[in-house]
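Assemble chain B onto chain A, guided by the hints.
As they're listed, the protein sequences go chains A and B.
The first sequence runs 1 to 155 under this note's numbering.
The second sequence runs 1 to 421 under this note's numbering.
List time: in silico DSSO-like cross-link candidates among lysine-lysine, alpha-carbon distance up to 30 Å:
1. A:127 with B:412
2. A:36 with A:142
3. B:412 with A:18
4. A:36 with B:412
5. B:146 with A:36
6. A:23 with B:412
7. A:18 with A:56
8. A:36 with A:56
9. A:25 with A:89
10. A:92 with A:18
11. A:36 with A:127
12. B:177 with B:95
13. B:95 with B:224
14. A:18 with A:127
15. A:99 with A:127
Derived contacts from chain B toward chain A, CB cut-off under 7 Å, selection only:
16. 358
17. 374
18. 375
Which chain A residues stay away from chain B? Per the calculated CB distances, all over 10 Å, these:
19. 23
20. 25
21. 50
22. 54
23. 81
24. 84
25. 110
26. 112
27. 115
28. 126
29. 151
If you're looking for bench data, these hints aren't it; they were derived computationally from the structure.
Cβ coordinates follow ideal geometry from the N, Cα and C atoms, glycine included.
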Amino acid sequence: MSDALDTLYREVILDHYKNPRGKKKLDHADVKNEGKNPVCGDEIEVEVEFDGDTVKDLSVSCAGCAISVASGSMLYEVIKGKSFDEVRKIAKVVKAMLKGEEYDADGIDLGDLDVLEGVRQFPVRIKCALLSWVTLVDAIEKADTNESSKLSTTE
Amino acid sequence: MSTLMQHKKTNPVIDPESIRRDFPILNRTVNGNQLVYLDNAATTQKPQIVIDELARYYSEYNSNVHRGIHTLADEATQAYEKARQKVANFIGAPKTEQIIFTRGATESINLVAYAWGRKNIGKGDRIVLTQMEHHANLVPWVALAKETGAELEYIPIDEQGCLDLDDIGEIISRNTKLVSVTQMSNVLGTINPVEKTIEIAHDRGAIALVDAAQSVPHMPVDVKSMDADFVAFSAHKMLGPTGIGILYGKEELLSGMEPFNYGGEMINEVRYDFADWAALPHKFEAGTPNIAGVVAFSPALDYLRNIGMANVRQHEIELTGYTLDRLSSLGSIRIFGPMNPELRGGAISFIDNDVHPHDLAQLLDQSGVAIRAGHHCAQPLHRLLGIGSTARASFYIYNTKEEIDQLIDALKEARRYFGHE
Chain A
1 MSDALDTLYR EVILDHYKNP RGKKKLDHAD VKNEGKNPVC GDEIEVEVEF
51 DGDTVKDLSV SCAGCAISVA SGSMLYEVIK GKSFDEVRKI AKVVKAMLKG
101 EEYDADGIDL GDLDVLEGVR QFPVRIKCAL LSWVTLVDAI EKADTNESSK
151 LSTTE
Chain B
1 MSTLMQHKKT NPVIDPESIR RDFPILNRTV NGNQLVYLDN AATTQKPQIV
51 IDELARYYSE YNSNVHRGIH TLADEATQAY EKARQKVANF IGAPKTEQII
101 FTRGATESIN LVAYAWGRKN IGKGDRIVLT QMEHHANLVP WVALAKETGA
151 ELEYIPIDEQ GCLDLDDIGE IISRNTKLVS VTQMSNVLGT INPVEKTIEI
201 AHDRGAIALV DAAQSVPHMP VDVKSMDADF VAFSAHKMLG PTGIGILYGK
251 EELLSGMEPF NYGGEMINEV RYDFADWAAL PHKFEAGTPN IAGVVAFSPA
301 LDYLRNIGMA NVRQHEIELT GYTLDRLSSL GSIRIFGPMN PELRGGAISF
351 IDNDVHPHDL AQLLDQSGVA IRAGHHCAQP LHRLLGIGST ARASFYIYNT
401 KEEIDQLIDA LKEARRYFGH E
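Okay, chain A solo, but in the shape it has when bound:
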């Protein structure tokens, strides 16, 4: 297999795919949100428990390809314990990274997330990597605005 492919499916990504973190059910979720990319068939559910305006705990349950599952798993690791503002900032950085745009990650611990840069070479897969992030941000917006359920998508 080619080098480009190894950039997409880094060891870290395959590890997150095989052992997704945060795949659980919360006992006290304050907000839930579903994301779906109908064309791919990727489906995700994000639950968030708040402590003020901080993400106290969350769950990420994703049925999808390696990229979408791994991205959701990394999201879980990075987001737990972060404030809403930090969540929005990190999500913005991830989006920019995936789209090959400039971003400022000063003061942000991206964890394993930098491996997602490899996805950029495969434009059709960007939406896979983004799904969990959009679903999470929509969940937080939903809590903020008391909006009723809406389905998130990156297609």
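Below, chain B without anything else, positioned relative to chain A:
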């Protein structure tokens, strides 16, 4: 074409190796590997004669069709109408006027949904479809039902992925106005007994539409013996250019319908406060059509006729049987649709137990093998099967058993890559 003709003399079943030479794209490499194109249910590749005719039209006789006096207009019109004649012959339509050119099978079905459906289907009427329909033969009817208050009923599928006809007598009830069925599923590959559904539809006073987008390109289809009221298919799935669809209709139905689009080319007489419509087929072809696409569809039809549709079908039965056997032997693959190649066409959807279809398609692409992953425009069917998406390999006349071996090798390699032996 000459190699093909010579070959036909010695062997009744087609030789994909000689056919391949007529398709320039099959020489290309993808990610450093020879292209193995297995996405033919989405669109087929084009032989050189089709590509040449597109160029020849624009280089030698580009002109708008109909009502032109000058030489180019006459040549373009003749070529355009000759293509219509070839389509009529290809599917056994009694009259050339029964062939309407559209943008694709989707538009053909929409034409019927608007021009016939909205006039003849009302509240309390029933529309019967099957559970395996492509969105093209589903969404137009869902929209019509929503708009008119008509009810939708679906012929179910059995565990094999074939239509379960046990209750068809009740499903196609007396209040049914339309039965619209795919002749070959783009997901399951299943070939449906459309003659039977058409017969019952007619017995109930309903009309029958056949979505033939996957069948006309792959098997002999005769619209007259089938007795369908409408048949829809696309040129690009049978070697022709994109942007061309065909609607065949029974003359009395087409004559009784109002146009779908209005404008130039579809009128007889127009005044400031009045217009009446041209005769068939022009009534349904408002505006300048895709002339280049239509005239370049002619050589595609000639090419398939020379091979013979029975031979195309036989070739695909062999390839399908071979693929089903090899996929089954992997042990990790779940195949959807009938396992008997006589009951199905060469569109094979499957999932691997461990590797997601999207990842499979990505990894196969690295080996130059082009397959499709997703719901193949059949979301309700995937929901019914309890899966989000499938991988699909689909064949045509130029595919070989060696390519199937490459597919299998690439699938094994994909599993290894993800750590599954």
